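Colleague: Listed below are the residues making up each chain.
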Amino acid sequence: MKKKIIKTACYSFGTIMFLLLVLAVHIYFVYRPSADAYTKVMARIDIKQPITLEDANQITSFMAHEKGIDHVLVNPQTSIVIFTFFPLKNTGNAIVNDFKAHFPYKADRFLPDAESLKHSCPMAASSYTYKVYKFIANII
Amino acid sequence: MKKLTFLPVAIALICAVLSIQSCGKKAAPTPNTIGTTLYDSLGGTALVADPTHAGAMIEKGRLGIRNVIDSTIFVIAADSRINGHFTVLLSEVGAGNLTGYTDLSENLTTFVAGATGAKDFIYIGLNMHDAHDPAVNPRINGKATNADFDAFVSDLATGAGKNKLPANLLNSVAAIVESLRSTVVQM
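Protein sequences, first through last, are from chains A and B. For the first sequence, our numbering gives the first residue as 28, with consecutive numbering after it. For the second sequence, our numbering gives the first residue as 6, with consecutive numbering after it.
No lab work stands behind these hints: they were computed from the structure. Small disclaimer: the values here were computed from a predicted structure and weren't measured. Errors might be hidden in some of the hints.
List time: in silico DSBU-like cross-link candidates among lysine-lysine, alpha-carbon distance up to 30 Å [what the hints assert, rightly or not]:
#  : chain 1 : residue 1 : chain 2 : residue 2
1  : A       : 145       : A       : 116
2  : B       : 169       : B       : 124
3  : B       : 167       : B       : 148
4  : A       : 94        : B       : 169
5  : A       : 116       : B       : 65
6  : A       : 75        : A       : 116
7  : B       : 148       : B       : 65
8  : A       : 75        : A       : 29
9  : B       : 148       : A       : 116
10 : A       : 75        : B       : 167
11 : B       : 148       : A       : 127
12 : A       : 116       : A       : 127
13 : A       : 133       : A       : 75
14 : A       : 75        : A       : 145
15 : A       : 94        : B       : 167
16 : A       : 116       : A       : 94
17 : B       : 148       : A       : 145
18 : A       : 133       : B       : 167
19 : B       : 124       : B       : 167
20 : B       : 124       : B       : 65
21 : A       : 133       : A       : 94
22 : A       : 127       : A       : 75
23 : B       : 148       : A       : 75
24 : A       : 133       : A       : 116
25 : A       : 94        : A       : 75
26 : A       : 145       : A       : 133
27 : B       : 65        : B       : 169
From chain A, some residues computed to sit far from chain B (all C-beta separations above 12 Å) [what the hints assert, rightly or not]:
#  : residue
28 : 32
29 : 37
30 : 65
31 : 81
32 : 82
33 : 85
34 : 89
35 : 92
36 : 93
37 : 104
38 : 145
Built from N, CA and C at the ideal position, the CB exists for glycine as well.
With the sequences and hints as input, model every part of the structure.
Modeller: Structure (structure tokens):
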């Protein structure tokens, strides 16, 4: 009798653990971060020559009319173009290609490599505590 | 039934997270508790429509701070003096993560909101000393210098200016940021 109770308890515990695992996997796949209509990506174009304030204004005007663009900033002091776009509407490379086709500047999109991404931005918390918090906050 | 099974797990997880974050609370910025807070001056807790999320509401104070932060992030990203510290801004959406831009905007907004006296947001990232210490935080690519900090303050002022933040409020925010100089610059 005692053996039977222990056996039943073990099966019950195992079943509950299995169901919890299935539930956890289900919740993860439902709530994992994924791009939606509000997701924005930031991208950067380095212009390899000096530009004037007038050039910067023209670039801003052109970029603002590109499909999927959210916001643009051109720094004429550094010849850098920063823009955010909605990845569900357009891609960064397509926008950069349009830019290069429209303007005569020698310019390239700056894409950081994986190593530099690991060592940048102290405020972008990557701790497990933060990830768990964000995950739960997303569910709630 | 699933909800009933999940509820205790969720509560336990939340308690665990809250207990862990409470350990780091001592390093969080001290809000101004005398009279009206700076957060109140920035708009406070009144809910307004979030212009970037249809149908969502956001506290007016947080919205004002987020606007300044987002503008500042753009200025920083185009500022070759310090943008090397923030290349994560340019990361693409990948498996299991959104963009560095989204994360940085949210974290900085929450941090500044807390520093200005907001009660409804908790910053749970590293404290400012540890966040800027390469020995503790491998994500920072070197110790920040006074010149880096000056550039950050300058970019913040530019970002605030783009949002027409009144000078008195900008000065108050700048004072809070300046109070962190000795913590951030560890050289």
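Colleague: Each hint: holds or not?
Modeller: Comparing the hints with the structure gives:
no.: 1; hint: A/145 <-> A/116; verdict: holds (28 Å)
no.: 2; hint: B/169 <-> B/124; verdict: holds (25 Å)
no.: 3; hint: B/167 <-> B/148; verdict: holds (29 Å)
no.: 4; hint: A/94 <-> B/169; verdict: holds (28 Å)
no.: 5; hint: A/116 <-> B/65; verdict: holds (29 Å)
no.: 6; hint: A/75 <-> A/116; verdict: holds (28 Å)
no.: 7; hint: B/148 <-> B/65; verdict: violated (35 Å)
no.: 8; hint: A/75 <-> A/29; verdict: violated (80 Å)
no.: 9; hint: B/148 <-> A/116; verdict: violated (38 Å)
no.: 10; hint: A/75 <-> B/167; verdict: holds (27 Å)
no.: 11; hint: B/148 <-> A/127; verdict: violated (36 Å)
no.: 12; hint: A/116 <-> A/127; verdict: holds (19 Å)
no.: 13; hint: A/133 <-> A/75; verdict: holds (6 Å)
no.: 14; hint: A/75 <-> A/145; verdict: holds (26 Å)
no.: 15; hint: A/94 <-> B/167; verdict: holds (24 Å)
no.: 16; hint: A/116 <-> A/94; verdict: holds (7 Å)
no.: 17; hint: B/148 <-> A/145; verdict: holds (15 Å)
no.: 18; hint: A/133 <-> B/167; verdict: holds (29 Å)
no.: 19; hint: B/124 <-> B/167; verdict: holds (26 Å)
no.: 20; hint: B/124 <-> B/65; verdict: holds (13 Å)
no.: 21; hint: A/133 <-> A/94; verdict: holds (22 Å)
no.: 22; hint: A/127 <-> A/75; verdict: holds (12 Å)
no.: 23; hint: B/148 <-> A/75; verdict: holds (29 Å)
no.: 24; hint: A/133 <-> A/116; verdict: holds (26 Å)
no.: 25; hint: A/94 <-> A/75; verdict: holds (24 Å)
no.: 26; hint: A/145 <-> A/133; verdict: holds (29 Å)
no.: 27; hint: B/65 <-> B/169; verdict: holds (15 Å)
no.: 28; hint: 32; verdict: holds (23 Å)
no.: 29; hint: 37; verdict: holds (19 Å)
no.: 30; hint: 65; verdict: violated (6 Å)
no.: 31; hint: 81; verdict: holds (17 Å)
no.: 32; hint: 82; verdict: holds (14 Å)
no.: 33; hint: 85; verdict: holds (16 Å)
no.: 34; hint: 89; verdict: holds (17 Å)
no.: 35; hint: 92; verdict: holds (18 Å)
no.: 36; hint: 93; verdict: holds (16 Å)
no.: 37; hint: 104; verdict: violated (8 Å)
no.: 38; hint: 145; verdict: violated (7 Å)
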